[in-house]
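Trainee: In case you want the letters, here they are:
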Amino acid sequence: MVALTYHAPDSLEEAVQLLSTARQPVKLLSGGTDLIIQMQGLIQDERLVVDVKKIPGMRAADWMEDHLRLGPSMSCAQFTKRQDIQAVFPGLVEAAYLIGSTQVQGRASIGGNLCNASPAADTIPALIVNRAACLIQGLNGTRRVNVEDFLTGVGQQCLASDELLVAIEVPNPAARTRDAYLRFIPRTEMDIAVAGAAVSVTLDDTGVCTNARVAIGAVAPTAILVPSAADALIGTKLEDDALLAAAAASSQAANPISDRRGTVEFRRHVVGVLTKRAAKIAANRVGAL
Amino acid sequence: MSEAREFKHIGQRTIRPDGFDKVTGKANYGADLSLPGMIWGAILRSPHAHANIKKLDVSRAEASPDVLAIATFEDFPSVNAAAQRDGTHREGMMDTACNILANQKVLYHGHAVAAIAARSQAAAIAALDLIDVEYEVLTPVLNIDDAISATAPILHETMMTQGLAEPATEASNVSARMELKKGDIEAGFAAADVIVERAYDTPTVHQGYIEPHATTVVFNDNGPSMIWCPTQGHFDVRARVAQLLNLELGQIKVVASEIGGGFGGKTTVYLEPVALILSKKSGRPVKMEMSRGDVFRASGPASASQSRIKVGAKMDGTITAMQATLHYEAGAFQGSPMGPGCMTVFTPYDVENLYVEGFDVVVNKPKVAAYRAPGAPQSEFAAEMAVNELAKKIGMDPIEFRLKNAAKEGTQTIYGPKLKVVGLEACLEAAKSSPHYTAPIPENVGRGLAAGFWFNIGGQSSVIINLNPDGTGTIIEGSPDIGGSRASMQMMAAEILGVAPSSLNPIVADTEHVAYNQTTGGSRTTFATGMAVVEAAEDIVEQLKARAAAMWNVTAEQVDFKDGVAQNLSGEDQLTLAEICASAEKTGGQISGRANINARGAGPSFAVHICDIKVDKETGKTDVVRYTAIQDAGKAIHPSYVEGQFQGGAVQGIGWALNEEYVYSKDGIMENAGFLDYRIPLASDLPEIEAIIVEVPNSFHPFGVRGVGETGIIPPLAAVGTAVAEAIGQPISSLPCSPPKILKLLMAAR
Amino acid sequence: MKSHISTTINGDSVEFLCEPSQTLLQVLRNDLGMTGTKEGCGSGDCGACSVIFDGELVCACLVLGVEAQGAAIETVEGVAAHDQLHVIQEKFLEHAALQCGICTPGLIVSTKALLEENPSPTEAEARYFLAGNLCRCTGYDKIIKAVMDAAATMRQGA
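Residue numbers (our numbering), protein chains in the order written: chain A, 1 to 289; chain B, 290 to 1039; chain C, 1040 to 1197.
Everything labelled a hint here was simulated from the structure, so no lab data went into it. All figures in this text were calculated on a predicted structure; none of them were measured in a lab. Glycine included, C-beta positions come from ideal geometry on N, C-alpha and C. There's no promise every hint is true.
Per the computed footprint, the stretches of chain C lying under chain A, defined by three or more beta-carbons under 8 angstroms from a beta-carbon of chain A, are [claimed, not checked]:
{"#": "1", "region": "1059 to 1069"}
{"#": "2", "region": "1083 to 1097"}
{"#": "3", "region": "1100 to 1112"}
{"#": "4", "region": "1126 to 1138"}
Turn these sequences into a full structure, and let the hints steer you where they fit.
Mentor: Below you can see the structure in the form of structure tokens.
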């Protein structure tokens, strides 16, 4: 593996200081399930690894007045055991639950999933439909960026070299709003998403969809918000026609590649199917409230 | 074996003797041995699928203080340039040598080019950067169609197709052709009312053993060098290393570590000769490990295949003719399992007119190795799919159709012998009355059934049983235990000696402590090594009788031995085995039994599998909802481990049929060299695998054993393929049935 | 430069020196001689190196050795008490839930984690929890039977 220098700062200030003064390229270590594998390929290079898990608050999840404040390094295993979060954001918890094996979940974190910025990251579409934002700390203070704007390309996000993600803020959902996330993989577990779709819907008392958000993953360089799919749902009772229209909108918005995991045609088709099914599940969840 | 016998130990489900160490982490596998002063080797591998090596310069590496030894092809004394000049060159080992360290040409992505030893694994890997290689990249040949096309780049410029009617005059990527016939194929098809003809293909797949190849070696100039490695055949490792390095067999000791799966893939050498060269040059013990990526890219997967099958039958269900043209990819060097593929393709059927033609084709992929019934899953998949389609066309139940044409005692095989007593009909009957087949097919589910045949082999095994003064003992065998065979050896010896199995400790000895044993493969171990165990135990029984006779002052003929007790036939005297052992000092010294055999009479094993599959029609995703494996074991020594073979084979076959395949870029770069994207079945992918043991004894084995290790991987391909075809209402001709492929079929049908 | 790490493995205080680039798996196997934890892939895809790290089931190949500072680690070597096998180990042997045995240490550790978290798993829950532990020999059938039997036996004993 690469020649590493390792630091595990126990304060945010120390972390930012390390980042801003590092002479080598820096890698932030959260769960490590992507990072450690990526570093195996770098034989002669040097890296400064900053383990952010010991910074206070990085592994906590707390309800604030109007949002859930999620420590980016909380493991998926801890996150998915939180029934209070499951009750409000079942789709987001599902997405975290789908990442890798039990073993991978023991380490992998939602912040890591986000910052690693894989096009196929499961939690990203679910964060996007829930209007989540990234709280970023750098040498010159903090800033807030919506998740859909945080991602800039395959494996790329907008963190500057002196910055780190300190929290993910997920606003409390509006009344009668629930989310769902589905992905397609060839097996039942372990695989990377071939396509993924998250949907959040708000229904009024008569079952009419008054608001919706749809985000799709693994079908473009980054997860993308699909307003046209949401529009197809809003104003309907999510009848088959509306669901098919949303599916078609997602398929239309997809811009996938062919690789070892799936073809362009397959991904385009399946992301529509997932959109339709996820919308149905989200609506049923509202119905069950 | 004439009538059913009562056994005391055989057929019980005992605790395996090596189990304690395996559940506690104490058992030592290939990568678990470290020695004082040990250094690490690493291998530089080709980034190209097909290229000439224009320059291989190790001078920078040689100059590095971190590098303790370097190995290249030139270090194989039996096949290198010097050997070619002075006439001591060994042609037979050339392909093996070139596969282990490339000679002027790399033939697949991951092909080993050179090796380095350094003080740590990380240092060895880092030092690979100090080797300078200049490649002239050539166009890769990545499948059978490309390889046999007239304009194909030629992998080996001296390779001529063997087995053609007219001797070949030009180099070709087809290394060999073979033909097998029986009866009059034209007349057979002329007599048919219905004919099915279809082409099938299967992908390159890997055995997927969880333990990567690894070895620790010590070169010794003044005594035998030591090689520790996980292998199915340590005597074969010894022979190959000796040939490659011009050593005598006695100069090498190979210790078979515990082995973490093989399935045929650990029957050759990759790291061992290279590590020994590095050890010789550095004067240090050397350890080498393959990464998982190396295992996928550069060990020995199973052949991709293309098959064309034609089967004709009368409306009453009689098959009149079967014909096959089979192409097998061999990988970078000749030697696919084309032969057994051709021999097995139609063996489940007693049909008068058969014609089979096979081709062995080289491509820019790793050289294939054996994989559980090598060659048979590919060809029998094609045959069974066609048979199922034909049964459906004439409106017969697939079991009835098979029963009407089933191979049985006396059936003339296409490859030579007539079958002795076999269990195909018994398996078909068991399938017919199974809870699975008698259950209605659930809604939205497709059901498939297929049969499978594998020969099984016997061969050479050597066993020593030593008894201790207290009556306990050691069974010294030389068949690496890959799935629990030590338990069976213990039970068979205990049955003959009339003692508790746990009183006999079976060990797999190294090449110095037991005579030659053939590789664990061909489902031979419980049959052949088991036969040697029985003979060695019987040898002991004769000695026990003689010793008891000496103690009683009678002749050995006056002594009977039964259930662990010697009985004086001329009186009331009795002596237990332990009592005889305790007195051995006075009757001629301690007691050992021995057997060195070349076992004949291996009994073929037939199997029938039933599979239910559900398909998500919107995504093409498959879900195996029920599965039953039925197979003839002859006699199940340890039923749990026999079932385990059925279940494990079934699941490997399910993986082959559903999601496993090598994916190459157009440049021949393997794109899924890891367990993330080479998708073997997971616990959550599967239902219970119901196992039904059929016992039609093999009269050539003292307890009736047939090998069971391999047949189980054959039927799943067509059982799954047929189930998917039934579920989607479209014919399946290409494996794997991966979701994109199935969805495409569904969309096309809409 | 090597780091000095103090950690706890199977209840024992352990100190070691390691490069920051070494994984916990490499430290366990190559530096501490604890070869019961196996390597099947080095990328978190097979589960052969499953260990319990501060209460979470993880792949030791996806943890850096330096992260072990102050942690509590359980490996397969700590599952049995001296020569008294754990119920899970006994059930694996009784049900013939291993063939080659290379995946077994990882499965034993994972099963222990499963049953500590969920003493009464359904068969489906067990299959999903253990999906990250690849076994190529058994087809999982006997493994799942052993896990379910171990769970039932442990419930009776509890």
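Trainee: For each hint given before, does the structure comply? Return the numbers of the non-compliant ones in rising order.
Mentor: 4
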